[in-house]
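Going line by line, the protein sequences match chains A and B. Note that the numbering used here has the first sequence beginning at 7, numbered continuously upward. Note that the numbering used here has the second sequence beginning at 793, numbered continuously upward.
Everything labelled a hint here was simulated from the structure, so no lab data went into it. A quick note: this is a predicted structure, and the numbers were derived from the prediction, not measured.
What follows is a set of in silico ranges between Cβ atoms, one per label pair, in the way DEER data are often shown:
no.	chain 1	residue 1	chain 2	residue 2	range
1	B	820	A	34	55 to 65 Å
2	B	853	A	90	39 to 49 Å
3	A	72	B	874	30 to 40 Å
4	B	810	A	45	47 to 57 Å
5	A	202	B	874	18 to 28 Å
6	B	806	A	69	52 to 62 Å
7	B	806	A	72	53 to 63 Å
8	A	198	B	821	49 to 59 Å
9	A	146	B	804	38 to 48 Å
10	A	198	B	853	39 to 49 Å
11	B	897	A	133	19 to 29 Å
12	B	874	A	199	20 to 30 Å
13	A	135	B	830	42 to 52 Å
14	B	896	A	172	28 to 38 Å
Note that CB positions come from ideal geometry on N, CA and C, so glycine has one too.
Given next are the chains, with one letter for each unit.
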Amino acid sequence: MSTSTSDAPSVALADGDAFTAEVAPHLHLLFRTAMRLTHEEQAAEDLLQDTLERAFLNFSRYEPGTNIRAWLLRIMSNVRISGFRRVARRPQTSSLDTVEDFSMYRAVKVEGIAPLDVESVVLNRIGEESILAAIDALPEDFRMVVVLADVEGFSYKDMAAILEVPIGTVTSRLFRGRKQLQRTLWDHARDAGILASAQKTRSA
Amino acid sequence: MSDGVTKERPPISRAWVSGAASRLGVTEGTVRRWIRTGKLNPSCSEVYGMVFPYLDRELGPEERTEVERHIAACPGCEEHFGFDGMVLRFVRQRAPRALCPPNLQDRLLAPFKGRAAPDSAVE
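One chain only, chain B, in its complex shape (with noise of 0.2 Å):
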């Protein structure tokens, strides 16, 4: 139902729309017609594949705003993309970024110090 993972399309659940009612602040026949006319996407499994897209910001305004609005309705996917979002921030954060040592830089650099200009551009 909610839990972000389900894997195949199921029929939509009466749980869920009146879950996603109670959190959206409108009633079950709104939802019910925001499904019909793609206005709100009820598919977690469909919505959850842009979790990455999303998170990094690559989404374009559309899909964003699908993405907002199932979150919204939606508390299970709400936690999973908090959860995803977090484990992300993590690894951007304490992944090591070692430099070039000093000694590498100048070995790599010298066969070009001084060296003239290629006659013509190769593959």
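The shape of chain A in the complex, shown without the other chains (with noise of 0.2 Å):
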């Protein structure tokens, strides 16, 4: 776990100095989650702010040694949450019932591509701010799973306990959260020309 560079054996009195030890390491993830959940700088900013100040108020509750990235993406989930409901709207969230199955697999095979061929045909010309577009157009209830669980690299149990729902929920949104990102990506493969190409690879 994170070792804080302060004397005082203590979080429980953390001041200041003490807390921005402990926090200072993690603001990369902080920034990166904020930017997906925001899409734009200032608006993460503002998230970041709100995020760190009730944690900072809320330190002593936090136990050391205890998972602090999940701990401090719960208090961010919270804030974002308790955000909407101040200015009474929400983004787009997901329904189940209006998020059509797509299956790259699926897609693959009608295109008549082989499916071991995709990685090197069509996958590897997708750039990467395509990748992080993809992410974006995603539902925010699926976006953020995707995050944790792919960009950073989370639990399904930790996955649980940051955004507060049970383990079931986690999963279900992951599976049409990637359903819906291969959908993306496989639309800007199209759009791009990637798999005209890739189609003509195949019949040279």
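Make one complex out of these two single chains by using the hints.
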């Protein structure tokens, strides 16, 4: 776990300097996640400020040695949700019935591209910014689990704690989110002409 | 039959049973017995529902065995699981991970420098 540079043995008494030492290493994680949630730097900064202020005021509740990354993200998630309550609006959330199942595997078969070739002839030609754009296009509930699992590497248990939902909810959001991500990446490959050239390569 | 994306639970086809028998190196009678006794789940859609927990190594030992046994018997699912795993690795490896700009770090931490501990926790 993170080591404090402060000589204060108990974080229950943490002052601003001890708090700063604890959270500083995790600002990159918090910044990335705030950017994926808000999509722009000023809104991300506001969310980060509110998150850190609430974390500081509640730092005596943090148990040293437990997962501080998950603890900070849970606060960020709560700050984000209470912000929506205040302004009485929420961004588009996912409804399970409205999301159509998409399988890139099936689409690949329909297009006549060999599944084993997809990495070399399709995926590797999709740029990093397009992956980010595909993640950003997900409804927020799905985007959050995809970011936590696939960008930050959290376990289902940690995600359930961060989002304060059952593990079953994490699992189903992740399934839908990743399927929708596949669809967006596939649509991008089609629009960018990557599919057409993959098929040309195959028939050449 | 064995494309791994079947929606409803179909009656188990002869072809699936004979394919499974040859892939597993047992007789068709054994495959049917394993299906009857729950040792082999023949439903591609049920097993595919566990694709991400399987790839994420989040399944318990029993479910993990259930998936592995089905995949060993079913070429369609083996290919489908392998494909989704490949896409997943691609996203994980290539998704950019930005760093918090130094001047933003300074702005974020400034309010806490030299600040006294709060009196008590608030919700």
